[in-house]
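S.K.: Listed below, chain by chain, are the residues.
2 protein chains.
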Amino acid sequence: MKVGIIGLGLMGGSFALDIKKPFPNSEIFGIDSSSKNLDEALELGLIDHKIDYKDLNKMDLILISVPVNNIFGLIDKVLDVVGDNTLVFDVGSTKEPICKYLKNHEKRSNFLAAHPMAGTEFSGPTAAIKGLYVGKTNIICEFEKTDKKLGKLALEIFDALKMKTIYMDPKSHDVHVAYVSHLSHVSSFMLGKTVIEKEKNENNIFDLAGSGFESTVRLAKSSPNTWTPIFLQNKTNLAAAIDEYVTNLNLLKELIVEENDEELNKILNNTNRIKEILNKK
Amino acid sequence: MKVGIIGLGLMGGSFALDIKKPFPNSEIFGIDSSSKNLDEALELGLIDHKIDYKDLNKMDLILISVPVNNIFGLIDKVLDVVGDNTLVFDVGSTKEPICKYLKNHEKRSNFLAAHPMAGTEFSGPTAAIKGLYVGKTNIICEFEKTDKKLGKLALEIFDALKMKTIYMDPKSHDVHVAYVSHLSHVSSFMLGKTVIEKEKNENNIFDLAGSGFESTVRLAKSSPNTWTPIFLQNKTNLAAAIDEYVTNLNLLKELIVEENDEELNKILNNTNRIKEILNKK
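These protein sequence lines are chains A and B, in that order. Under the numbering used here, think of the first position of the first sequence as 1, with each following residue one higher. Under the numbering used here, think of the first position of the second sequence as 1, with each following residue one higher.
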C-alpha cells in the first residue's frame, strides 16, 4: 500500500509508525512545508521517500495531518491530482469548517473527515510514537459523503489499528470536542499562565509542583501552532464552554468565601462521578 | 522505632509502607475515627496494632494524617499524653491555621508542621502505595519552634525517605500552595463539573475522552472530605488565585472571539515555558 502523509508531526509521524504493523508492505511517502521536518522524518525512518504534490496520484491513501488552518487550499492541491482510487483523510480536531469547505467539491467522495482522539503534549517528527492510535476512539463525520469503496478501505485501516470508530455529524462533533477536549487545553494553558505570573521566582514552581499540578498543567506544553487555529475554528462552541467553566469557578469561589462546606462537599462529591464515567472506558 | 499514625488513609497508610524500608524495625500503631478503616489498615498490613490515644505516650513518632479540619482538638489530645521524646508531625496541605492554633501551646516544641507535596487522586487505606513519599518535596514550617533533638529526628526520617526538604513560613506556604496545588484541584473539579453538566449523555464523555481530558480532570476524582476543608482553610489565598485564573480565562475567550491569532499564539507560546520549568525537576 502506498501511503502519502502531508505533515510529519506527532499525528502524521505516529500514523507512519502505526500503519506498518498491520500493513508491513506499506511504503510511506512524505510532504511537509518544513524541509527540516521532512529531512528529520526521513532520518527517523518515519517515511521512506520525500515526494511532491504531483506524485500524490500514485497513492492508495493520503493522510493530511497539518494544523487545522493549513488544510484549506492544501486539500484542493491534493484532490486536484488524485484519481478515483485514492482515499484522502484528515485527523483535525475541528470538523465543521473542513466539511463545509468541501461540501460542493467535485472530489468530495475521495475525502473522509476523521478525528482520532489521540495525541500527546509533544510536537514535531521526534514526537512520533508507536501505538499512538491503538485503542483510541476515532470520530468519522459525514461518512455517507465518502465513496463506498474508499470508506470501506478507511474502516479496514482504522480497524487494523484497533481504533474504536464512532460516527457523528460535524456540528455535534465540534460541540462535544469543545467540552471534552478543547476546554481541557484552555483550562490547562490558563492554569500554567496564572501560576507562572504569580510565581515570578520559577524555583517555587518546580520545588512545589506535585504530581497533581503536573498532570493538570500537562496540556499547557502543547504546540501553540496546533492549538491556536483549533481554538479559533471552534470559537463559538469554545467561548460558550469557557463561559460555563467560568460560571462554575465563580460559584465554587463564592461557596469557599461563604464557607459553605455542605454545598462545597456536595459539588465535589457529585463531580467525583467522573471516576465511574471514565472507568467505563 | 514505635510509630503512631492517626488517620490511615492515602497519606498515613503510604507513610506506614514507606517508613518500613529505611527503618525495618519500625512497629506501626494505628488510630482512626473509622473503625472500618482501622480494621482495613490492619488487614492490609499497614499497621501492626490498633491503639488508643492513651497509648501514644509510648511512641517515638506520631504522624497526624487526617483531613485538615479534624486536626484541631485532636492535636490537643495527642500533645496531652506525649512526653518530651515524642515527635508529632502533620502532613496537612494548609499550614497557617495549625501553626496559629498551636502558637502558645505548652507542648508546641513536640510538634513539627510539615507538608509533603505527595498524593494521588485516591483515598482510604486501600489507596496506600509504596514510594508515595520517595523523592518528593517536603515543606517544613516554623522549624525553629520544634525541639532541636526532635527536629533532627524528623530530618533523619525525611532524608531516609529521600524527600527534598525545604523551609517556608506558614503564610508564604499557604499562598504558594494556593496556586501550585489548590488551584489545580479547583480547576480540575470545575472542568469535570462543566463537562458532566453539558454531556447529559455520559456515554459521550467516555467515548470522546482522550488522554488529555483524562489527565486534566484526574484531580476531580479526589476526596471531597480531604479537599473541602483545605479549600476553606485557604479561602483568602485561593479566592484570589481563582480570580486571577478567571481573569486569564476571560482574556483568552476574548482573544478567541476577536480571532486575535497573533496574541493567542504569543500567550500559548509563553505558557509553554512550563515545560522547561517542570523539566528542571
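Quick caveat, the hints were computed from the structure, so don't treat them as lab data. Cβ atoms here follow ideal geometry from the backbone N, Cα and C, with glycine treated the same way. Some hints here could point you the wrong way.
[Claimed, not checked] A few chain A residues that face chain B, going by a derived Cβ cut-off under 7 Å, partial list only:
| hint | residue |
| --- | --- |
| 1 | C99 |
| 2 | K130 |
| 3 | V134 |
| 4 | L155 |
| 5 | T194 |
| 6 | N201 |
| 7 | A220 |
| 8 | L249 |
| 9 | I274 |
[To be verified] Result set (PhoX-like, lysine-lysine): computed pairs, CA atoms no more than 25 Å apart in a straight line:
| hint | chain 1 | residue 1 | chain 2 | residue 2 |
| --- | --- | --- | --- | --- |
| 10 | A | K200 | B | K266 |
| 11 | A | K171 | B | K275 |
| 12 | A | K275 | B | K2 |
| 13 | A | K107 | A | K77 |
| 14 | A | K136 | B | K198 |
| 15 | B | K235 | A | K266 |
| 16 | A | K152 | A | K103 |
| 17 | B | K36 | A | K275 |
| 18 | B | K36 | A | K266 |
| 19 | A | K280 | B | K200 |
| 20 | B | K235 | B | K280 |
| 21 | B | K280 | B | K266 |
| 22 | B | K162 | A | K136 |
| 23 | B | K275 | A | K130 |
| 24 | A | K235 | B | K200 |
| 25 | A | K198 | B | K50 |
| 26 | A | K198 | B | K171 |
| 27 | A | K171 | B | K198 |
| 28 | B | K275 | A | K266 |
| 29 | A | K50 | A | K36 |
[What the hints assert, rightly or not] Simulated restraints on C-beta separations:
| hint | chain 1 | residue 1 | chain 2 | residue 2 | range |
| --- | --- | --- | --- | --- | --- |
| 30 | B | Y167 | A | K130 | 39 to 49 Å |
| 31 | A | R273 | B | K164 | 17 to 27 Å |
| 32 | B | T236 | A | E144 | 55 to 65 Å |
| 33 | B | T126 | A | E43 | 40 to 50 Å |
| 34 | A | E144 | B | L44 | 29 to 39 Å |
S.K.: Minimum Cβ distance from I274 of chain A to chain B below 7 Å?
M.R.: It holds, given that the least Cβ distance between I274 of chain A and chain B is near 4 Å, below 7 Å.
S.K.: For a C-alpha distance cap of 25 Å, please report whether K198 of chain A and K50 of chain B respect it.
M.R.: violated, 45 Å
S.K.: Range first: 55 to 65 Å. Now tell me if the beta carbons of T236 of chain B and E144 of chain A are that far apart.
M.R.: Holds, at about 57 Å.
S.K.: Given the hint that K280 of chain A pairs with K200 of chain B, test it: the Cα-Cα distance must not exceed 25 Å.
M.R.: holds, 16 Å
S.K.: Would the hint on L155 of chain A be counted as holding, given a Cβ-Cβ threshold of 7 Å to chain B?
M.R.: violated, 17 Å
S.K.: Could you grab the alpha-carbon distance between K171 of chain A and K198 of chain B and see if it respects the 25 Å cut-off?
M.R.: holds, 15 Å
S.K.: Hinted pair, alpha-carbon criterion (25 Å max): K275 of chain B, K130 of chain A. Please report holds or violated.
M.R.: holds, 23 Å
S.K.: Does K275 of chain B sit within 25 Å of K171 of chain A, going by the straight-line distance between their CA atoms?
M.R.: violated, 34 Å
S.K.: Tell me if the beta carbons of R273 of chain A and K164 of chain B are separated by a distance inside 17 to 27 Å.
M.R.: With a Cβ separation near 36 Å, R273 of chain A and K164 of chain B fall outside 17 to 27 Å, so the hint is violated.
S.K.: Is K280 of chain B close enough to K266 of chain B, meaning Cα to Cα at most 25 Å?
M.R.: With Cα atoms ~23 Å apart, K280 of chain B and K266 of chain B stay inside 25 Å; holds.
S.K.: How about T194 of chain A: closest beta carbon in chain B under 7 Å, or not?
M.R.: holds, 5 Å
S.K.: Within a Cα-Cα threshold of 25 Å, do K36 of chain B and K275 of chain A meet the stated pairing?
M.R.: Given pair K36 of chain B, K275 of chain A holds - Cα atoms ~23 Å apart, limit 25 Å.
Comparing the model with each earlier hint shows violations of hints 1, 2, 3, 4, 6, 11, 12, 20, 22, 25, 28, 31 and 34; every other hint is respected.
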